[in-house]
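Please build the complete structure, drawing on both the sequences and the hints.
Listed below, chain by chain, are the residues.
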Amino acid sequence: MSINRKGIEVSIGAADAVAMADVDVIAAYPITPQTHIVEHLSEIVARGDLDAEFIPVESEHSAMSVCCGASAVGARTFTCTSSQGLALMNEIVFIAPCMRLPIVMILANRSLSGPLSIWNDHSDVMSIRDCGWIQVFTENGQDVFDHVFFAFRVAENPQVSLPVIVNMDGFILTHMIEAIEYWEPEMVRRYLPEFKPVNRLHPDKPVTMGAFGMPNIFTEAKKAQNEALLSSKVEILRAWKEMGDITGRYYKPVESYQADDAETVFLTMGSLSETVSIAVDRLRAQGKAVGQIKLRLWRPFPFEEFRLAVKNVKKIIVLDRALSFGGPGGPVASEIRAALYGEQNMPVVANFVAGLAGRDVTVNDYIAMYEKAEPFAKGKVRQDDYIIYGVRE
Amino acid sequence: MEPLNVYASRLITKEEYFAPGHRSCQGCAEALAVRLVAKVLGNNVVVCAATGCMEIVSSPLPFTNWRVPWLHVAFENTGATLSGAEAGFRVLIRKGRLADKKTVFLGMGGDGATADIGLQALSGAFERGHDFVYVCYDNEAYMNTGIQRSSSTPFGATTTTSPSGKAKPTGQVTWKKNMPKIAVAHNIPYVATACSSYPIDLMEKVKKAAAKKGPAYVHILSVCPTGWRIPPDRAIWIGRLAVETGVFPLYEVEDGKYKITQEVDELRPVQEYLKPQGRFRHLTPEMIETIQERVTQDYKKLKTMTGKFNTPDKV
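Taken in order, these protein sequences are the chains called A and B. If you read the first sequence in my numbering, its first letter stands for residue 11, the second for the next number, and so on. If you read the second sequence in my numbering, its first letter stands for residue 30, the second for the next number, and so on.
Because the hints were derived from the structure by calculation, they are not lab data. None of these values were measured; they are calculated from a predicted model. Check each hint, because a few of them may be wrong.
Below, in silico cross-link-like pairs of lysine to aspartate or glutamate (DMTMM-like), each with a Cα-Cα straight-line distance of 20 Å or less [what the hints assert, rightly or not]:
1) B:124 with A:61
2) B:124 with A:204
3) B:124 with A:32
4) B:288 with B:318
5) A:388 with A:273
6) A:262 with A:204
7) A:298 with A:273
8) B:237 with B:284
9) B:241 with B:283
10) B:124 with A:315
11) B:241 with B:284
12) B:124 with A:214
13) B:288 with B:233
14) A:206 with A:32
15) B:130 with A:214
16) A:215 with B:284
17) A:215 with B:129
18) B:330 with B:318
19) A:206 with B:129
20) A:324 with A:273
21) B:304 with B:273
22) A:16 with A:59
23) A:324 with A:265
24) B:131 with A:214
25) B:131 with B:160
26) A:382 with A:395
27) B:241 with B:160
28) B:330 with B:294
29) A:215 with B:294
30) B:68 with A:315
Structure follows, in structure tokens:
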């Protein structure tokens, strides 16, 4: 297998991957920092290198709505947004999975206003935590590139038929030039079969999509939707396994670094993970038993894999990139605590909220967090204890 | 005219694509309009519907009244879901994955879904030039949620959010938004008004709209006995009065050219239209006079448009 490695902006790489997936319909509205992806896609379509309908809609609400219409007629469908754009399309984001429409969305994570900010954190994606999409996080350019194919493959799998969000950190990934190994067209063909929808809106076989639910059927419809998401995990794992067999890169729902004998682990999502790995190395050099757990799969939440990964851990330092105002700290820590509740030898969870709206979090910051978390011990830390790290006072 | 109508009605298919058994109110002229539109377009159609009366009366899971493919996603996005479905077909046909059967894409929504909350998505779809027919079933208020005013509610009508009281006696104080004119301003190839009291005229227009390449808009006055406070058996009659008084003239704008399709030699006084309706019960003679002046003036304006092109830049 020849390796086609390019130094390229991650957004361009992501757009190239979408084009290599032979997408049929792209609907998007410009918002920083997502723009480079859709700009590049519209260029590819204009050049004639991709036969697709690029629909420059008048809002994100319409972007997601166009995706619903296109996906309903059996077209491979893609959109891309950030922050306020996600907030505006919110209503339709919740409807798409209920209708089992396998739309793929790259979410270039950016903080939600206000105050208005274009920079990166996870407050946008956390606002749709319970929307019913499959949600994965990526750490670097290669992750993003690979997960475009993964997303279409999983979404359109008839056993799944659910939309997928690929989270990539705004600027930190979208505007970064990285080395990305491009797939050969043959690899894409092997990995990603033609989209054959379970149901298609077509005169040959009329179906009604989007009927409303009376109370006597609503609960059943929602339970069915939840089961669909839960059972998608088998297919997610299969898709990662087969990708590994093709690319040599084996992704997992929960990934670890130096965690085997670690007493304390950092828990990270997205692009911060690489910086944390360096902090782990430094702390290890000082003789500390520190490791790292990376949450790649956010929905469906990988309870089993997560509990296994932290089985022997005494303390988890959870890094949140969003706040739950007036609630129990960051949204990730709150889920981690819930996932561990009732476990024997439940680890202590120390929660730091850091890196809001693009505030840099450096290696030294993680080491400082580790030290700050040292006094955190069983019986001395509560669910609603958290530290907003690095506040200038 | 009469014998011709009797004959013409025999030309209409007996097939029902909007099946009986739906849950609309008695005398609903909107359901009638939906049925007629469905008959014209036949089974080679994909329908995208907005949330509203016609959606909830026809699609209680697991039942459906639709014998043609039908999609409902939300309230304000029909222009967009329709765009997606149409574009999806276009690209799949181009790529050889679907046969080209010249399927018609039909969007449908009430006046709220069209002139208020869904105006942006519809404007976007018009502007981008997707190939579809969009039908607005205008019953002049948010009837589905309990008769609240919309921008399409006429001046003087009472609704649950434009009531007539001592301090505000008029009811609705704004004039009906001219949605067809907004559609015309997009320079789309076909815009028409219709009313289910004139079924042949309505069906001819829908047929014409479907034949046009690009976006077409048909605005159908859909009499709502429940919301307009009239007996269910008076819906057709009231629709006719709307046209005969000039309150809702029937016309079309084909490639920018205006044509009145239901000429009225002498307009009847608006009073004849207003009086039978409970929603106008409170109107004083002065208010009725105000409405009369406006209707006369608007009708004159429309007449002057007849035979003329909408925009100088359009040939």
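Just to be careful, I want the Cα atoms of residue 237 of chain B and residue 284 of chain B compared with a cutoff of 20 Å; is the pair within it? OK: residue 237 of chain B and residue 284 of chain B at ~12 Å, within 20 Å.
Agreement of residue 298 of chain A and residue 273 of chain A with the hint, judged by alpha carbon distance not exceeding 20 Å: At roughly 9 Å apart (the allowed maximum being 20 Å), residue 273 of chain A and residue 298 of chain A satisfy the hint.
Given the hinted pair residue 330 of chain B and residue 294 of chain B, is their alpha-carbon gap at most 20 Å? Given that 20 Å is the threshold and the Cα spacing comes to 15 Å, the pair holds.
What's the verdict on residue 215 of chain A and residue 284 of chain B, does the C-alpha distance respect the 20 Å limit or exceed it? 34 Å, violated
For the pair we were handed, residue 241 of chain B and residue 160 of chain B, check the Cα-Cα distance against 20 Å. Given that 20 Å is the threshold and the Cα spacing comes to 8 Å, the pair holds.
Straight-line alpha-carbon gap residue 262 of chain A to residue 204 of chain A, limit 20 Å: Violated: residue 262 of chain A and residue 204 of chain A sit about 25 Å apart, past 20 Å.
Please work out if residue 241 of chain B and residue 283 of chain B have their alpha carbons no farther apart than 20 Å. Given pair residue 241 of chain B, residue 283 of chain B holds - Cα atoms ~9 Å apart, limit 20 Å.
Take a quick look at whether residue 16 of chain A and residue 59 of chain A sit within 20 Å of each other, Cα to Cα. 19 Å, holds
Is residue 288 of chain B close enough to residue 318 of chain B, meaning Cα to Cα at most 20 Å? 27 Å, violated
With a cut-off of 20 Å on the C-alpha distance, tell me whether residue 241 of chain B and residue 284 of chain B pass. Judged against 20 Å, a Cα distance of about 10 Å means the pair holds.
Are the Cα atoms of residue 124 of chain B and residue 315 of chain A separated by 20 Å or less? With a Cα-Cα distance of about 42 Å, the restraint between residue 124 of chain B and residue 315 of chain A is violated, given a limit of 20 Å.
For the pair supplied as a hint, residue 124 of chain B and residue 61 of chain A, confirm whether the alpha-carbon distance does not exceed 20 Å. Holds, at about 8 Å.
Hint check: violations occur at hints 4, 6, 10, 16, 29, 30; the rest are consistent with the structure.
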